Amino acid sequence: MRVVAAMSGGVDSAVAAARMLEAGHEVVGVHLALSQNAATLRESARGCCTIEDAGDARRVADVLGIPFYVWDMAARFKSDVVEDFIAEYAAGRTPNPCLRCNEKIKFAALLDKALALGFDAVATGHYAQIFEGADGARELHRAVDMGKDQSYVLGVLNTDQLERSFFPLGDTTKLQVRQEAAAHGFYVAAKPDSHDICFIPDGDTSRWLTDRLGEQPGDIVEVDGTKVGEHKGAFAFTVGQRRGLRLGQPATGGEPRYVVEVQPRTNTVVVAAGELLGIDAITADHARWCGPPPGGVVSVGAQVRAHGEETPATAWADGDRVEVRLERRIRGVAPGQSVVLYEGTRVVGSATIARATTIREATTRETASTAATGEAPASG
Amino acid sequence: MLPEAIEAMTAQMATVGNASSLHTSGRLGRRVVEESREAIAQAMGARPSEVLFTSGGTESDNLAIKGTFWARRDADNARVRILVSTVEHHAVLDCVDFLEAHEGAKITWLEVDEVGRVHPETVRAAIGTDPESVALVSVMWANNEVGTIQPIAEIAAVAHEFAIPVHSDAVQAVGQVEVDFARSGLDLLSISGHKIGGPQGVGALLARRDARLVPLTHGGGQERQVRSGSLDVPAIRGFAVAMRHAVAGRAAGAQRLVTLRDRLIRGAQDARFGVQVTGDWEPGDGTRRLPGNAHLLVPGCDGDSLLYLLDAAGVQCSTGSACQAGVPQPSHVLLAMGMSEHTARGALRLTLGHTSTAADVDAFLTALPAAVERAQRAQMATSAGSTSRPAQKSPTRAM
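Same order as they appear, the protein sequences are chains A and B. Those letters in the first sequence? Residues 1 to 380, per the numbering used here, in order. Those letters in the second sequence? Residues 381 to 779, per the numbering used here, in order.
Only chain B is shown next, with the shape it has when bound in the complex (with noise of 0.2 Å):
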């Protein structure tokens, strides 16, 4: 957590102060909520009045689903189609699982090219004849784990021209390329505190003043009627102090960790054990793959090993996603690019942030060889005598 925004939340738990009281302690409160919604509104480019603060990310992407779908629905009956790209967080995918299963919502996937990306047409040709049946298109704005930026505006443009409502999970772009809510075009873009350096358990979802949104939580009318329950006041105040440093530093920021995310993919092709780059990479670009996003991929690996080598050796990096159990899953948005399960276990994820340093690259780069060598070993261990996945032994595609 960014240490000034640190210091301006324990001096906010200081005070005490409802937002919504009228007493002289909570004028006090709201005046930081307010305050904190304006930095917020202007690092974004959106309208005070556009910022609802929620719980986080997870909460902001289930508010614009359900509650634009909901009052979609009610509006008109036959809107009950959601245009979603088949590379969403599990924020954005079980929300559309559950109104399908439960609020008769019908799914129309966005398929993505190899690179993880959602092409304009791809929504045009999903809207197809039928524009009256869709309640809203959501396609996030950089994937989170190949770091794929998505034609937004053009994708809001597209589904406009039919006046749908868009949203877009901005959790992991805001702070590393360049996110104006108003000139994206968007209806509804959601946000979080934790991923720009602010605390957990805090984040917002920015809705246009003509978003139609039927509330998850009903009480005592906060946020715009939309998202009822007293503020957390010392958290806002982080998140606004976080967001407004992210952005300000956002392109110096940038362009060193495109540099050093350049270092570390190039030094680890040339490895010589046929590691692979995910996703769209062009050196020294910024804007079609987050900056500071590296996701590789290792023949004969499981990432679970490399994971574990690699953390011993100091290199904290992550896989995919586990289970709830804690089983590492092959990930969905490898799959949907097309690569087979067999390939997508040796998925290795490595984000770059504000501490990383060039040394830091060198030192992954420096413990790679021998963490694959070994988990390449591991697995012809886990897999001999296995006869249930000979798929495992013959060579995928992707190699």
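Excised from the complex, chain A in its bound form (with noise of 0.2 Å):
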């Protein structure tokens, strides 16, 4: 096959074209130019689109001989993964950028490109496996390193994308992907992982986003209304936050207190004690299904986050919604957030939380609104 190794200029990448270059493919290196002022320096050791991770791309496609090519998708990245972010924080939700890029540039942008020209299919260094179901149709896995597993961030592509994608690294620890690139004589076998959102260098992404949105002060209050500290922009705050909200004086039962809604309309932050924040019931939208989309209630694991645990569930699928029950409350859940179902280490798919609550909270409404217009409440 003829395949476009995706090189971001990290250890992974380069080890991913390396074996899909032993497979026996026809492989070609491409660097994505994500930044539109690519001619910076590194700023520290991790970030991306610059012109060290270029050149070290671009290094590991000439030791392994094959052609290598720079593709500016700055102007693609900017409007529909920097922008998104932005707009996202402005409305009161905490994004995921990093599964936008996935869905609207890696697998999308350059995924169209790559066919275009010729290619068959693209393979990137994410952590994560691709395995032929009974029915012949290709399914997303975690990967065996659970530490590094990075299914999360692929639980937006379909199977059509699936069709076209490798990853070649989903059976291997990194510790294994390190000890290989040393040995082809890769420098980056010791350059450090990227961490933090590439587009953030220095991991201030509060600073960042007020350098954007501009100051915005307002009140961080408690859930009766009482005012309890001052904020300089509601978008910088994140549901399940504790530190940074600077509040003046202990709670009365002297526990710490989380952000527990984000109000963007009135540029309002509210604040509880720990335990208002449990959840249990999760509304989200924008579903993408990595396989045929669930029929009828099915039981999951739900994931929220890219490194965090997954918590038995049942989830229903509604169109584009979804609605999914967890069995035991989870904290810090924001809407913006994506949830990621899986059935064993399958990804079934993933969607956007609207809404994070608890199911006691959500029934009441759910009657309340059955009530007030006669519908049953699945097709609200």
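Hints listed in this document are in silico derivations from the structure and should not be mistaken for laboratory results. Treat the hints with caution; some may be incorrect.
Covered stretches of chain A (chain B as the covering partner; in silico rule of three or more C-beta atoms under 8 Å from a C-beta of chain B) [as the list claims (entries may be wrong)]:
id, region
1, 22-33
2, 67-80
3, 116-125
Covered by chain A, according to a simulated footprint, are these stretches of chain B (three or more residues, beta-carbon under 8 Å) [as the list claims (entries may be wrong)]:
id, region
4, 635-642
5, 749-763
All values reported here derive from a predicted model rather than from experimental measurement. Ideal Cβ placement from N, Cα and C applies to all residues, glycine included.
Join the two chains into one complex using the hints; note that each chain is given alone, in its own frame.
Written out as structure tokens, the structure reads:
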């Protein structure tokens, strides 16, 4: 097959490209230029889209003896990922830009361009596995190395995209990948992992957002409306956040307080003691299925952040919308985050969290809405 | 690299001898350097003492521009203007940018017409009523991207009416068109080894004996006290051998290249994809455009897609240039010629040389239609859904 190896300049995509070549494919390395001012040097050990990363990727391609190109997708990345990220925070939600990038850039714009140029597939250094299911259709599964598993950020891929994707590292541990890179003589074998959002190289999301949205002073209140502090922009807060609140006086019980709600319309941040954070009912939209959509109510594991735990749950889909009921309450679930559903190691699909609440509240609301409209709850 | 140049260079590498030393092996090395200097001078219509060896075209441009700017400004503080064309190589552009940012230089840009040519009258107008403020003029002999040959002798004549020194980067021109330093009237001319079949890492600045230059490197005082540093004797020998061959075989080679180039451009235009030739093209002519240069614009394509597809089909070509991270950039030359950024992205440069054959041209013409079709589809795939570049969806004037 003719395969584009997406090469970020890191160790994972380097070894992924090497493995595709070893498997006998015709491989061309492509580095995506995602930053509009790519002519900057890396500011910290982490980050991407810098001259050094492009140079590191090119160096690996040279060692492998494969052609290498830089594709400029900065404009697409800015409109589909960065601006979406800012708009989501401004709306009081907490987006995951890596999912958005996979959905809109890596397995859309990049894949489409590759296919148009005559390639058959794209290979990346993501830690996830693709298996052929009983019906011959491709299935997305967790990686063997659970510490590195990235199936969560790939939960937006549909079967067409999975047909055209390779994740050569899914069956390998990170340690083995580094050893393999060293054996190839790749200079990047010991390059640090990237953890932060690539377009916020110093990791200070709050300041980055304030630079773009401007300071918007507002109140921090308790659930009953009592003002307990002030902030410089509600957009910079995330449900479940404890640090950076700078509240003047301790809560009555002496318990730490957390953000439980961000209200963009009134620019208000609501805080409460930890116990109010727990939720077990999720309504999510923008559903994407990695296979056939679930028929009826299914038992799944639900994961709400990239490196979080899976919680047993039941879920049912209604068009673009997904309802998830967790078997136990979990904390720190913010609207805008993605909920990814698993059946064993298989990724069923993902959706963007619109509302996270308790089953008790959800039931009350549904009853109220049924009474008001006379419709069955499932069709709402 | 030319086999004769490799042979001469290899033989020279087996001998030691610093051309600056006084002992026997030093004398032998010096003899090779001076014979090479004479050979290059003869081939270029210059005197041996006018040949200053450098590490290549970029260093020659830097020495000519910075060296002249500093020397002229030292003599008269008011001389801070540099007249330079908008289509120069980055070795010149970045040099004048540096002088503007750090040395108080003022840049007067010499605009080009739609084929990329600087008119002598543009130079006269730029000198204007204030010739005393001009430090130097720099206009390349032939453009590296679109192949347009500049009226260098006429430009030099205009500047000399006002006693202003003139530099030209002739790196692309030597070996393709006749370049005669004395007849050009130029004060300074940059040439490079590897563009004429010689080694990389060596070049020369031809500088009239009355040209005053402030050195960039200081030390042993080699090369008329202007360019200190031990000379790379093997590279200089390889350079001289390549130069002799390039100039001796130039006329016959140029005619052959013109024929190949015309075949390529005609064939590409027939391909019904709206392919255009840029610059100054007249079939059969080898004096207005570099004989081996074919520069095409393919509508609706990104040059880098074409580059990949043609490379996969065995045709090596180039687009414009890339930034340091490797992102293809719209060419400043095409923008200076009045093209939109969008049009400039579909640029494809093909360079024909002494090893190119009619079969190579035909292989390119055979590969072109499928490559263009795929590249156009790829651009549609990439721009679909993009909201930030609406201009890309509207037709541009060049199409």
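- Query: Any hints this thing doesn't respect? Which numbers, in order?
  - Reply: 4
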